[in-house]
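**Student:** Letter by letter, the chains look like this.
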Amino acid sequence: MKMKKVNGLNCILLVDDDEISNYLNRLVIEKSGVDVHVEVALNGFAALEYLNSSGQSDARPEPDLIFLDINMPRMNGWEFLNEYQKLKNKKKSDTSIAMLSSSIDIDDMDTALKKYELPLYIDKPLTTSKLEEVFGKCFPVRDN
Amino acid sequence: MNEKPYNVDFRLSAEAMPKAFVLTDQNGSITFTNGQAEKLFLCKRNELIGKNIQTFISEKYHLIFSSFFSHIFNDKDVIPNTHTQRLFISKCNGKEVPVKIELNPLRSRKNSMVLIKIIETDEEWKANHPLHWIVESAPNSFILVDYSGQIVMVNKQTERLFGYTRGELIGKHMDILIPERLRAYHKKASREFYTNAQVRQMGVGRDLFGVKKDKTEVPVEIGLNPVKNNGAYYVLASIIDITERKKIEDELRLYTSRLENKNSELEQFTYIASHDLREPLNSIISLIELFIENKSQELGTDALHQLAYINDSVSRMRNLVTGLSDYARLGKNAEIERVDFNKVVEEVISDLKKIVADSKAKITVEELAVIPAMQIEIRLLFQNLISNALKYKSPNRDPEIKISAQKVKGGWQFAVSDNGIGIPYDQKDKIFILFQRLHGRNEYGGIGLGLAHCKKIIDLHDGKIWVESELNRGSIFYFFIPINN
Numbered sequence: 001m002k003m004k005k006v007n008g009l010n011c012i013l014l015v016d017d018d019e020i021s022n023y024l025n026r027l028v029i030e031k032s033g034v035d036v037h038v039e040v041a042l043n044g045f046a047a048l049e050y051l052n053s054s055g056q057s058d059a060r061p062e063p064d065l066i067f068l069d070i071n072m073p074r075m076n077g078w079e080f081l082n083e084y085q086k087l088k089n090k091k092k093s094d095t096s097i098a099m100l101s102s103s104i105d106i107d108d109m110d111t112a113l114k115k116y117e118l119p120l121y122i123d124k125p126l127t128t129s130k131l132e133e134v135f136g137k138c139f140p141v142r143d144n
Numbered sequence: 145m146n147e148k149p150y151n152v153d154f155r156l157s158a159e160a161m162p163k164a165f166v167l168t169d170q171n172g173s174i175t176f177t178n179g180q181a182e183k184l185f186l187c188k189r190n191e192l193i194g195k196n197i198q199t200f201i202s203e204k205y206h207l208i209f210s211s212f213f214s215h216i217f218n219d220k221d222v223i224p225n226t227h228t229q230r231l232f233i234s235k236c237n238g239k240e241v242p243v244k245i246e247l248n249p250l251r252s253r254k255n256s257m258v259l260i261k262i263i264e265t266d267e268e269w270k271a272n273h274p275l276h277w278i279v280e281s282a283p284n285s286f287i288l289v290d291y292s293g294q295i296v297m298v299n300k301q302t303e304r305l306f307g308y309t310r311g312e313l314i315g316k317h318m319d320i321l322i323p324e325r326l327r328a329y330h331k332k333a334s335r336e337f338y339t340n341a342q343v344r345q346m347g348v349g350r351d352l353f354g355v356k357k358d359k360t361e362v363p364v365e366i367g368l369n370p371v372k373n374n375g376a377y378y379v380l381a382s383i384i385d386i387t388e389r390k391k392i393e394d395e396l397r398l399y400t401s402r403l404e405n406k407n408s409e410l411e412q413f414t415y416i417a418s419h420d421l422r423e424p425l426n427s428i429i430s431l432i433e434l435f436i437e438n439k440s441q442e443l444g445t446d447a448l449h450q451l452a453y454i455n456d457s458v459s460r461m462r463n464l465v466t467g468l469s470d471y472a473r474l475g476k477n478a479e480i481e482r483v484d485f486n487k488v489v490e491e492v493i494s495d496l497k498k499i500v501a502d503s504k505a506k507i508t509v510e511e512l513a514v515i516p517a518m519q520i521e522i523r524l525l526f527q528n529l530i531s532n533a534l535k536y537k538s539p540n541r542d543p544e545i546k547i548s549a550q551k552v553k554g555g556w557q558f559a560v561s562d563n564g565i566g567i568p569y570d571q572k573d574k575i576f577i578l579f580q581r582l583h584g585r586n587e588y589g590g591i592g593l594g595l596a597h598c599k600k601i602i603d604l605h606d607g608k609i610w611v612e613s614e615l616n617r618g619s620i621f622y623f624f625i626p627i628n629n
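First to last, the sequence lines map onto chains A and B.
Here the numbering used here is used: the first sequence runs in plain steps of one and ends on residue 144.
Here the numbering used here is used: the second sequence runs in plain steps of one and ends on residue 629.
The shape of chain B in the complex, shown without the other chains (with noise of 0.2 Å):
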């Protein structure tokens, strides 16, 4: 019997739906079927047409099958697609599967018809399975691989990755995705691999390649695990495409020796700083006093004057080139050790302890901590700190310094306050910088290193220092230092 005559549109859509479906009459007689539907059940469309659908339900199912045929029919107020039964169809080859039904109800003036999804529940679970699409959209490429190295499976981003289609991979040896220069290595490392199988890093400390369909090589990472299924043995390979990280490894290797050039050449000029710089500045120093030792009976004032200005300005030229190497010398060759920080403090007040005395100030130490950091550089700190606080001192009134800690988040806090002249707030960041100084040399000595240092110090412990300033009142300078567990 052939089938009734549908439309051109309707046999195309049909064809095209993804789902095996059949149009039966009110009987259950079978007037249309799709190309999915032939597949499931295994035959021709023409050996189903005419036949009644109960003829391929299994014969435990018949009278399930029947009462939810008829009450679909009989009840008027079906709803589309709500109308659902789990059964086992017998194929036109007897074997019996489980599926999936689902009754739709097709009412018109002329006759009705009855729209019946076979859905195979396998199909069903594999695709509604999160294992089956936690693997489809992993970021990772898979390949299932058995063990003559034939492709069981492979994931949507192997397809991307390589750019096969599913259907040009499975069957095939994986050597068609290894460069032809890898693929003796890689033979040689299977076999390793199955007399020895476990989870394992492939090539670990050497660069893996795949090639793809176009011929290009793209380098990967690649993980395998040893998989048995049924008795049988196959190897899971998980890809990652590392062209982004080789990129940006290649990058980083350009920077560090790029860093590493300007490392070498800012150590060589400290040196040159701290050597060739100062030998004839100390030369001319010690030329001027014996010129004034020996000619000063000859000399007028005003010749007098000049050398004596002459040699300010080459001390202070020494002074700075010494400051200079100093501060790049800052933190060489020195080790993190337990540093307790009263100890410290204790120490630097009693080093500093005529300047204490002679300006009257009142130092107050609350308990700090005992961490690790470098000792010698934290003595330096405090050192300037607490000299500065003495230096800058408020002409109205005795120095009051108070040293506090406190445990924050990550690390420690530390507080160096006085009651000095203070800094202008748009001079604050200033201070920190190399020989910058906010006074004269007239009002108060220096060549404004003393905070560089104190930067350079906690720069030197991944750490932070800032100040807290009023004019005229104070400041407080504040520094964390993090502790890394």
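So here's chain A without its partners, still in its complex pose (with noise of 0.2 Å):
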């Protein structure tokens, strides 16, 4: 299969404690044929871990999108979005989160768009359609 590149795409980090989801998730990223490298983070604390060890080496690229659950174990999605708000990292501003969980709660939604003014809220499972929907949000294609 011809692999292709999303512009400003180089690195997913999946944040999600069911190993289920995170397989499936790769696997349909796989299967949209884009060119990315995937990472897993089981928690919100590990994936904070990852954000500041990341960047360092080609073996931990850091993360453009992150696809953010909400119920983990250690530290969940809110959790977690609590902490990254404190992070201080230059390229914070360039990475897109989007919420991928299987709540359907009115409540979760708004607090994901509103409050944490997250651009998108994904109710799982992910589909290459899903998929292709973020990446036109988060990674238009820019005219040169």
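Treat the hints as calculated values from the structure; they're not laboratory data.
A hint or two may mislead.
Claimed, not checked - The calculated DSSO-like cross-link candidates involving lysine-lysine, where the alpha carbons are at most 30 Å apart (straight line), are: (1) A:Lys130 - B:Lys439; (2) B:Lys254 - B:Lys239; (3) B:Lys487 - B:Lys608; (4) B:Lys239 - B:Lys390; (5) A:Lys130 - B:Lys476; (6) B:Lys356 - B:Lys406; (7) B:Lys498 - A:Lys130; (8) B:Lys235 - B:Lys195; (9) B:Lys235 - B:Lys261; (10) A:Lys4 - B:Lys476; (11) B:Lys608 - A:Lys114; (12) B:Lys316 - B:Lys261; (13) B:Lys506 - B:Lys600; (14) B:Lys406 - B:Lys391; (15) B:Lys574 - A:Lys130; (16) B:Lys574 - A:Lys115; (17) B:Lys504 - A:Lys31; (18) B:Lys390 - B:Lys372; (19) B:Lys487 - A:Lys114; (20) A:Lys114 - A:Lys130; (21) B:Lys476 - A:Lys114; (22) B:Lys497 - B:Lys546; (23) B:Lys497 - B:Lys439; (24) B:Lys390 - A:Lys115.
Stated by the list, open to error - Label pairs and their calculated CB-CB ranges: (25) B:Phe579 - A:Asp58: 51 to 59 Å; (26) B:Thr400 - A:Val141: 54 to 62 Å; (27) B:Glu490 - A:Lys5: 45 to 53 Å; (28) B:Leu443 - A:Met3: 25 to 33 Å; (29) A:Gly136 - B:Asn463: 27 to 35 Å; (30) B:Leu434 - A:Met3: 53 to 61 Å; (31) A:Leu113 - B:Glu442: 38 to 46 Å; (32) A:Leu113 - B:Glu490: 25 to 33 Å; (33) A:Gly136 - B:Glu490: 29 to 37 Å; (34) B:Arg397 - A:Ser129: 49 to 57 Å; (35) A:Lys5 - B:Arg460: 55 to 63 Å; (36) A:Ser129 - B:Leu443: 20 to 28 Å.
Yeah, the Cβ is synthetic: ideal placement off N, Cα and C, and Gly gets one too.
With the hints as a guide, bring the two chains together.
**Tutor:** If you want it as structure tokens, here you go:
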């Protein structure tokens, strides 16, 4: 399969405690044919650890897109977002975060979109068409 | 002079009479008197017996009295208890007071006598005055207290409430009715009351108690009224026993907290349904799809069929879970605003225009209302009712749907009628229950959510929804939305 490149997207970080979800999401990303590095963190705390140590080597690239679950042990999605806002990372502004959750609770959607001003709230499961929507919104094709 | 030897029974009954009376001979000479008469005239029996009754009538009424007396005596047709005269008597201390006198001639073969009843009109006025018996029969306890805190007057309810008799209370300090631990507070509060006397509720926001004769405490509510009479200040306390109310309040508090617990349990359940249960279902669906995609070449027809069934079942389960949480979330964060029902229905029909066109449906909308309601929920309500009318159409004719509204007592009643397949009479109430379906899944799709949603939406508006239907002829769904002023 011919791999294509999304402008500005080199690494995706999947933050989810459910390994089946991570497995499926990775498959969907591969199936979409986009050439991108995929990293997995099993909770918010692991995601923060990854972010703090990323960017120093090619093996741990800084993520351009984070898919974030809500319910996770140790540090859930909301707690992660609180900590993330405190991070001093010059690349932070280039990173997009999309909520990816099984919750269809209106309060969760409101919290993500209004309180944390995330660009997207995606209802699981991730599909190639939902993925295209994320790419379109977070990495628009710019005319040179 | 001594009384005539009346027998013992007569004497005892005479003493038990609540009214003052005397007996005289036909000349007016007193031959008998009861204790009440002694009290009234303020002199002893032996000072009365033998004297002429005229002696005790104020001088200016002598003439009136004697003509009254002789008239009554000479008239053979006189009816007992009907001859009364208002006049003044002169008491033994010289004081003159207004009375009502009632004369009853008693005739026997041996002699004739007159029974004279004397009623102090002040007493009579008090006993018959509406205010007096209003106070006496009031459900509140009334206590009149003077400036020093002494009890001046109490009513019947006070005796009942505190278990004391009137005699035990009048003249006592009112502290006798206040639990010891509250006396200091009461003293301070009453000083403040006298410096700024006005009608008020006592101890607003705090629990007040009275103490009964048997030392038990009773929760009370007290209203205070300053009263001025003949230059003296009094306070009239009106006291209500709130034992029952307290009990009910306690019970209510308990029920409320139980309900709150149940409610938060339900909310948790809803969240679990909308998140935790959906996640594994989503994974199963995705994995089955992947499996079929990758392995379809290697699988036999039977295996593929079975996988398709698994997929259907899991998908249905996901829809049920989603439906359940949709149902639970309905009305959450909803706000009441002015809703133009005409506009809502117009938008809903516009959303459904493809189905409307495909089914060749004719929809008539009459003038609807603009009333306070939950906008999004009302929209969902019409969406469900109109979609149902389109979905359950008769195979023999094009759907005709009519939407109307009418002002009724206390609110608005709306109707959505169709000419569809109708609902069997015995199923009429079942249709509003969550996940209840009247048809097989292969006949009509859906999970049995729409009308349950409608019912909940109307419940959220404190309204009512019902259906009238005739099988194979059509249904009319009615709902009522109350308007609170």
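**Student:** Does Lys114 (chain A) pair with Lys130 (chain A) here, judged by a C-alpha cut-off of 30 Å?
**Tutor:** holds, 21 Å
**Student:** Can you let me know if the beta-carbon spacing of Leu113 (chain A) and Glu442 (chain B) is within 38 to 46 Å?
**Tutor:** holds, 44 Å
**Student:** Below or equal to 30 Å on CA atoms is what counts here, so check Lys504 (chain B) against Lys31 (chain A).
**Tutor:** Distance of about 43 Å is beyond 30 Å: violated.
**Student:** Need the status of pair Lys497 (chain B), Lys439 (chain B): alpha-carbon distance at most 30 Å?
**Tutor:** violated, 42 Å
**Student:** Is the Cα-Cα distance between Lys487 (chain B) and Lys608 (chain B) 30 Å or less?
**Tutor:** holds, 22 Å
**Student:** Would the pair Lys506 (chain B) and Lys600 (chain B) pass a check requiring their Cα atoms to be no farther apart than 30 Å?
**Tutor:** holds, 28 Å
**Student:** Between Thr400 (chain B) and Val141 (chain A), does the C-beta distance stay in 54 to 62 Å?
**Tutor:** Holds - the Cβ-Cβ distance for Thr400 (chain B) and Val141 (chain A), about 58 Å, lies within 54 to 62 Å.
**Student:** Could you see if the CB distance from Leu113 (chain A) to Glu490 (chain B) stays within 25 to 33 Å?
**Tutor:** holds, 29 Å
**Student:** Are the Cα atoms of Lys254 (chain B) and Lys239 (chain B) separated by 30 Å or less?
**Tutor:** At roughly 37 Å apart (the allowed maximum being 30 Å), Lys239 (chain B) and Lys254 (chain B) break the hint.
**Student:** Verify the proposed pairing of Lys390 (chain B) with Lys115 (chain A), using a straight-line Cα cut of 30 Å.
**Tutor:** Measuring from Cα to Cα gives roughly 44 Å; hence the hint is violated.
**Student:** Could you check the hint for me, namely that Arg397 (chain B) and Ser129 (chain A) are 49 to 57 Å apart, CB to CB?
**Tutor:** Distance hint for Arg397 (chain B), Ser129 (chain A) holds at roughly 53 Å.
**Student:** Within 30 Å, alpha carbon to alpha carbon, are Lys4 (chain A) and Lys476 (chain B)?
**Tutor:** violated, 44 Å
Checked against the numbered hints above, the structure breaks hints 2, 4, 6, 10, 11, 12, 15, 16, 17, 18, 23, 24, 30, 35 and satisfies the rest.
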